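The working numbering applies: residue 1 is where the sequence shown begins, and numbers increase by one.
Simulated from the structure, these hints should not be mistaken for laboratory data.
Since the structure is predicted, the reported quantities are computational estimates derived from the model, not experimental observations.
Even glycine gets a Cβ: it sits at the ideal position worked out from N, Cα and C.
Treat the hints with care, since some could be wrong.
Cβ-Cβ distance ranges computed for the label pairs, FRET-style [claimed, not checked]:
#1 GLY210 <-> ILE272: 20 to 26 Å
#2 ASP80 <-> ALA276: 39 to 45 Å
#3 ALA214 <-> ARG43: 24 to 30 Å
#4 GLY49 <-> MET105: 55 to 61 Å
#5 LEU90 <-> PHE236: 22 to 28 Å
#6 SER240 <-> ALA59: 44 to 50 Å
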Amino acid sequence: MLKRILSAVPIIIVVALAAIFQSWVMVALAVALALATQFEIVRAFDRNGKPVTAYLSYAFAVVLAAFFAGFFILLQKGLDYTSWMPLMLLCAFVVLIMLVFIVSMFSKRHTADSVANTIFTFVYPQLFLALFYLLILGNIGDYCRMFVVFLMVLVPAMFSDTFAYFIGMAFGKRKLCPQISPKKTVAGSVGGVVGGLVGALLISMLFWGGKNLAGFMAAGAALGAISQLGDLSASFIKRSLNIKDFGKILPGHGGIVDRMDSILFCIPAVFILTIAGLV
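Make the full structure from the sequences, and use the hints.
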(Lines of atoms letter the chains of each structure in order from A and count residues from 1; the text may use other names and numbers.)
(Lines give C-alpha, C1' and ligand atoms only; values in the text may rest on other atoms or scores of the structure.)
Protein backbone atom coordinates (compact mmCIF):
# COMPACT_ATOMS: atom_id res chain seq x y z
CA MET A 1 0.00 0.00 0.00
CA LEU A 2 2.88 2.38 0.81
CA LYS A 3 4.29 1.83 -2.68
CA ARG A 4 0.89 2.66 -4.17
CA ILE A 5 0.66 5.90 -2.19
CA LEU A 6 4.21 7.01 -3.00
CA SER A 7 3.79 6.35 -6.72
CA ALA A 8 0.54 8.34 -6.73
CA VAL A 9 2.13 11.46 -5.21
CA PRO A 10 3.98 12.67 -8.35
CA ILE A 11 0.85 12.07 -10.44
CA ILE A 12 -1.23 14.24 -8.13
CA ILE A 13 1.41 16.98 -8.15
CA VAL A 14 1.70 17.08 -11.96
CA VAL A 15 -2.06 17.06 -12.52
CA ALA A 16 -2.64 19.70 -9.83
CA LEU A 17 0.01 21.99 -11.34
CA ALA A 18 -1.58 21.59 -14.75
CA ALA A 19 -4.98 22.58 -13.38
CA ILE A 20 -3.61 25.48 -11.34
CA PHE A 21 -1.55 27.11 -14.07
CA GLN A 22 -4.04 26.44 -16.91
CA SER A 23 -1.13 26.54 -19.33
CA TRP A 24 0.39 24.42 -22.05
CA VAL A 25 1.16 21.97 -19.24
CA MET A 26 -2.52 21.04 -19.27
CA VAL A 27 -2.53 20.56 -23.03
CA ALA A 28 0.67 18.48 -22.93
CA LEU A 29 -0.76 16.38 -20.12
CA ALA A 30 -3.97 15.74 -22.07
CA VAL A 31 -2.03 14.58 -25.14
CA ALA A 32 0.32 12.39 -23.08
CA LEU A 33 -2.58 10.89 -21.14
CA ALA A 34 -4.56 10.11 -24.29
CA LEU A 35 -1.64 8.36 -26.00
CA ALA A 36 -0.39 6.52 -22.91
CA THR A 37 -3.79 5.10 -22.00
CA GLN A 38 -4.51 4.14 -25.60
CA PHE A 39 -1.15 2.37 -25.85
CA GLU A 40 -1.94 0.31 -22.75
CA ILE A 41 -5.41 -0.68 -23.97
CA VAL A 42 -4.25 -1.59 -27.49
CA ARG A 43 -1.32 -3.60 -26.14
CA ALA A 44 -3.61 -5.45 -23.72
CA PHE A 45 -5.78 -6.60 -26.64
CA ASP A 46 -2.76 -7.53 -28.75
CA ARG A 47 -1.20 -9.59 -25.96
CA ASN A 48 -4.36 -11.68 -25.78
CA GLY A 49 -4.50 -12.25 -29.53
CA LYS A 50 -7.47 -9.93 -30.05
CA PRO A 51 -6.77 -7.86 -33.19
CA VAL A 52 -7.20 -4.10 -33.09
CA THR A 53 -6.75 -1.54 -35.88
CA ALA A 54 -4.09 0.17 -33.81
CA TYR A 55 -3.39 3.22 -35.97
CA LEU A 56 -7.08 4.19 -35.98
CA SER A 57 -7.23 3.63 -32.25
CA TYR A 58 -4.28 5.97 -31.72
CA ALA A 59 -5.77 8.42 -34.22
CA PHE A 60 -8.91 8.70 -32.12
CA ALA A 61 -6.85 9.45 -29.00
CA VAL A 62 -4.91 12.13 -30.88
CA VAL A 63 -8.11 13.66 -32.29
CA LEU A 64 -9.62 13.97 -28.81
CA ALA A 65 -6.47 15.56 -27.41
CA ALA A 66 -6.24 17.88 -30.43
CA PHE A 67 -9.82 19.05 -29.91
CA PHE A 68 -9.04 19.80 -26.28
CA ALA A 69 -5.84 21.65 -27.19
CA GLY A 70 -7.59 23.65 -29.92
CA PHE A 71 -10.51 24.76 -27.80
CA PHE A 72 -8.15 25.47 -24.91
CA ILE A 73 -6.09 27.81 -27.11
CA LEU A 74 -9.25 29.56 -28.32
CA LEU A 75 -10.41 30.08 -24.74
CA GLN A 76 -7.01 31.48 -23.80
CA LYS A 77 -7.48 34.04 -26.59
CA GLY A 78 -10.94 34.96 -25.38
CA LEU A 79 -12.81 33.03 -28.08
CA ASP A 80 -15.44 30.67 -26.71
CA TYR A 81 -16.53 27.96 -29.13
CA THR A 82 -16.87 25.22 -26.50
CA SER A 83 -20.56 24.73 -27.34
CA TRP A 84 -19.40 23.18 -30.62
CA MET A 85 -17.05 20.71 -28.98
CA PRO A 86 -19.57 17.94 -28.10
CA LEU A 87 -20.97 17.92 -31.65
CA MET A 88 -17.51 17.89 -33.23
CA LEU A 89 -16.38 15.07 -30.95
CA LEU A 90 -19.47 13.06 -31.84
CA CYS A 91 -18.80 13.60 -35.55
CA ALA A 92 -15.16 12.53 -35.14
CA PHE A 93 -16.28 9.42 -33.25
CA VAL A 94 -18.76 8.43 -35.99
CA VAL A 95 -16.29 9.13 -38.83
CA LEU A 96 -13.58 7.02 -37.21
CA ILE A 97 -16.03 4.17 -36.67
CA MET A 98 -16.85 4.36 -40.37
CA LEU A 99 -13.12 4.19 -41.15
CA VAL A 100 -12.77 1.08 -38.97
CA PHE A 101 -15.45 -0.67 -41.03
CA ILE A 102 -13.95 0.51 -44.34
CA VAL A 103 -10.42 -0.61 -43.42
CA SER A 104 -11.70 -3.96 -42.12
CA MET A 105 -13.67 -4.68 -45.30
CA PHE A 106 -10.50 -4.47 -47.39
CA SER A 107 -8.27 -6.42 -45.02
CA LYS A 108 -8.01 -10.19 -44.72
CA ARG A 109 -6.68 -9.86 -41.18
CA HIS A 110 -9.65 -8.00 -39.73
CA THR A 111 -12.99 -9.51 -38.77
CA ALA A 112 -16.15 -8.37 -37.03
CA ASP A 113 -14.35 -9.10 -33.76
CA SER A 114 -11.49 -6.75 -34.65
CA VAL A 115 -14.01 -4.04 -35.52
CA ALA A 116 -15.69 -4.46 -32.13
CA ASN A 117 -12.32 -4.49 -30.35
CA THR A 118 -11.19 -1.29 -32.06
CA ILE A 119 -14.43 0.54 -31.32
CA PHE A 120 -14.14 -0.57 -27.70
CA THR A 121 -10.70 1.08 -27.50
CA PHE A 122 -12.36 4.30 -28.68
CA VAL A 123 -14.87 4.14 -25.85
CA TYR A 124 -12.63 2.95 -23.00
CA PRO A 125 -11.01 5.11 -21.82
CA GLN A 126 -11.03 7.84 -24.49
CA LEU A 127 -14.70 8.89 -24.36
CA PHE A 128 -14.42 9.15 -20.58
CA LEU A 129 -11.39 11.42 -21.03
CA ALA A 130 -13.31 13.47 -23.61
CA LEU A 131 -16.00 14.13 -21.02
CA PHE A 132 -13.28 15.15 -18.57
CA TYR A 133 -11.95 17.66 -21.12
CA LEU A 134 -15.47 19.07 -21.46
CA LEU A 135 -15.74 19.41 -17.69
CA ILE A 136 -12.49 21.36 -17.52
CA LEU A 137 -13.23 23.57 -20.53
CA GLY A 138 -16.75 24.27 -19.32
CA ASN A 139 -15.43 25.76 -16.09
CA ILE A 140 -12.18 27.32 -17.28
CA GLY A 141 -13.52 30.87 -16.87
CA ASP A 142 -14.12 30.24 -13.16
CA TYR A 143 -10.82 29.00 -11.75
CA CYS A 144 -12.15 28.16 -8.29
CA ARG A 145 -15.09 26.12 -9.59
CA MET A 146 -12.92 24.41 -12.20
CA PHE A 147 -10.47 23.33 -9.51
CA VAL A 148 -13.27 22.05 -7.26
CA VAL A 149 -14.82 20.05 -10.12
CA PHE A 150 -11.37 18.72 -10.97
CA LEU A 151 -10.84 17.62 -7.36
CA MET A 152 -14.27 15.98 -7.22
CA VAL A 153 -13.26 13.74 -10.10
CA LEU A 154 -10.07 12.63 -8.35
CA VAL A 155 -10.28 12.89 -4.56
CA PRO A 156 -13.45 10.91 -3.66
CA ALA A 157 -12.23 8.02 -5.83
CA MET A 158 -8.81 8.05 -4.15
CA PHE A 159 -10.31 8.28 -0.66
CA SER A 160 -12.74 5.50 -1.54
CA ASP A 161 -9.88 3.27 -2.66
CA THR A 162 -7.89 3.95 0.51
CA PHE A 163 -10.80 3.53 2.93
CA ALA A 164 -11.97 0.37 1.16
CA TYR A 165 -8.49 -1.12 1.43
CA PHE A 166 -7.98 -0.52 5.15
CA ILE A 167 -11.55 -1.21 6.29
CA GLY A 168 -11.67 -4.30 4.11
CA MET A 169 -8.41 -5.53 5.62
CA ALA A 170 -9.69 -4.93 9.16
CA PHE A 171 -13.31 -6.07 8.95
CA GLY A 172 -13.84 -7.70 5.57
CA LYS A 173 -15.23 -11.24 5.60
CA ARG A 174 -18.05 -11.46 3.09
CA LYS A 175 -16.81 -11.21 -0.50
CA LEU A 176 -18.30 -8.50 -2.69
CA CYS A 177 -17.75 -9.90 -6.19
CA PRO A 178 -15.44 -12.94 -5.93
CA GLN A 179 -15.71 -13.97 -9.58
CA ILE A 180 -14.22 -10.64 -10.68
CA SER A 181 -12.16 -9.36 -7.74
CA PRO A 182 -11.68 -11.99 -5.00
CA LYS A 183 -10.06 -9.60 -2.51
CA LYS A 184 -12.87 -7.05 -2.38
CA THR A 185 -15.32 -7.34 0.51
CA VAL A 186 -18.70 -5.88 1.43
CA ALA A 187 -17.17 -4.14 4.46
CA GLY A 188 -14.49 -2.65 2.25
CA SER A 189 -17.16 -1.44 -0.17
CA VAL A 190 -19.05 0.31 2.62
CA GLY A 191 -15.75 1.82 3.74
CA GLY A 192 -15.24 3.05 0.18
CA VAL A 193 -18.56 4.90 0.24
CA VAL A 194 -17.57 6.53 3.54
CA GLY A 195 -14.19 7.41 2.06
CA GLY A 196 -15.83 9.13 -0.91
CA LEU A 197 -18.03 11.11 1.46
CA VAL A 198 -15.02 12.19 3.55
CA GLY A 199 -13.08 13.21 0.44
CA ALA A 200 -15.93 15.39 -0.84
CA LEU A 201 -16.46 16.86 2.62
CA LEU A 202 -12.81 17.97 2.74
CA ILE A 203 -13.08 19.53 -0.74
CA SER A 204 -16.13 21.52 0.32
CA MET A 205 -14.54 22.70 3.57
CA LEU A 206 -11.09 23.51 2.17
CA PHE A 207 -11.84 24.84 -1.31
CA TRP A 208 -15.53 25.82 -1.42
CA GLY A 209 -15.97 27.55 1.93
CA GLY A 210 -18.28 24.85 3.27
CA LYS A 211 -21.03 25.88 0.86
CA ASN A 212 -23.56 23.26 -0.23
CA LEU A 213 -22.09 20.87 2.33
CA ALA A 214 -25.00 18.41 2.21
CA GLY A 215 -24.81 18.30 -1.58
CA PHE A 216 -21.10 17.62 -1.53
CA MET A 217 -21.51 14.85 1.05
CA ALA A 218 -24.25 13.18 -0.98
CA ALA A 219 -22.13 13.51 -4.12
CA GLY A 220 -19.09 12.11 -2.32
CA ALA A 221 -20.99 9.05 -1.10
CA ALA A 222 -22.30 8.45 -4.63
CA LEU A 223 -18.82 8.84 -6.11
CA GLY A 224 -17.42 6.48 -3.48
CA ALA A 225 -19.80 3.80 -4.76
CA ILE A 226 -19.43 4.63 -8.46
CA SER A 227 -15.63 4.59 -8.28
CA GLN A 228 -15.79 1.00 -7.07
CA LEU A 229 -17.90 0.08 -10.08
CA GLY A 230 -15.16 1.57 -12.25
CA ASP A 231 -12.58 -0.54 -10.46
CA LEU A 232 -14.65 -3.71 -10.86
CA SER A 233 -15.30 -2.95 -14.53
CA ALA A 234 -11.57 -2.68 -15.19
CA SER A 235 -11.03 -5.96 -13.33
CA PHE A 236 -13.71 -7.56 -15.50
CA ILE A 237 -11.93 -6.36 -18.67
CA LYS A 238 -8.55 -7.60 -17.42
CA ARG A 239 -9.96 -11.01 -16.52
CA SER A 240 -11.54 -11.25 -19.96
CA LEU A 241 -8.13 -10.46 -21.50
CA ASN A 242 -6.25 -12.79 -19.11
CA ILE A 243 -3.96 -10.04 -17.82
CA LYS A 244 -3.17 -8.83 -14.31
CA ASP A 245 -2.51 -5.19 -15.16
CA PHE A 246 -2.78 -2.94 -18.20
CA GLY A 247 0.83 -1.79 -17.71
CA LYS A 248 3.79 -1.63 -15.33
CA ILE A 249 4.78 2.04 -15.36
CA LEU A 250 3.46 2.82 -11.85
CA PRO A 251 4.88 0.74 -8.97
CA GLY A 252 2.10 -0.76 -6.88
CA HIS A 253 -0.60 0.26 -9.37
CA GLY A 254 0.33 -1.31 -12.71
CA GLY A 255 -0.38 0.95 -15.63
CA ILE A 256 -1.96 4.36 -16.02
CA VAL A 257 -5.34 2.83 -16.85
CA ASP A 258 -5.05 0.69 -13.70
CA ARG A 259 -4.61 3.87 -11.65
CA MET A 260 -7.47 5.62 -13.44
CA ASP A 261 -10.03 2.81 -13.50
CA SER A 262 -12.09 4.10 -10.57
CA ILE A 263 -11.61 7.74 -11.62
CA LEU A 264 -12.95 7.12 -15.15
CA PHE A 265 -16.42 6.22 -13.88
CA CYS A 266 -16.42 9.30 -11.64
CA ILE A 267 -16.07 11.63 -14.64
CA PRO A 268 -19.62 11.19 -16.07
CA ALA A 269 -20.95 11.03 -12.52
CA VAL A 270 -19.43 14.43 -11.65
CA PHE A 271 -20.79 15.79 -14.93
CA ILE A 272 -24.31 14.73 -13.92
CA LEU A 273 -23.86 15.89 -10.32
CA THR A 274 -22.83 19.37 -11.46
CA ILE A 275 -25.95 19.59 -13.63
CA ALA A 276 -28.05 18.43 -10.65
CA GLY A 277 -26.51 21.17 -8.49
CA LEU A 278 -24.95 18.83 -5.94
CA VAL A 279 -21.45 20.06 -6.83
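These are the hints, each one checked on the structure:
1. GLY210 <-> ILE272: 20 to 26 Å: holds, 23 Å
2. ASP80 <-> ALA276: 39 to 45 Å: violated, 24 Å
3. ALA214 <-> ARG43: 24 to 30 Å: violated, 44 Å
4. GLY49 <-> MET105: 55 to 61 Å: Violated: the Cβ-Cβ distance is about 22 Å, outside 55 to 61 Å.
5. LEU90 <-> PHE236: 22 to 28 Å: holds, 27 Å
6. SER240 <-> ALA59: 44 to 50 Å: 25 Å Cβ-Cβ, so the 44 to 50 Å window is violated.
Hints 2, 3, 4 and 6 from the earlier list are contradicted by this structure; the remaining hints agree with it.
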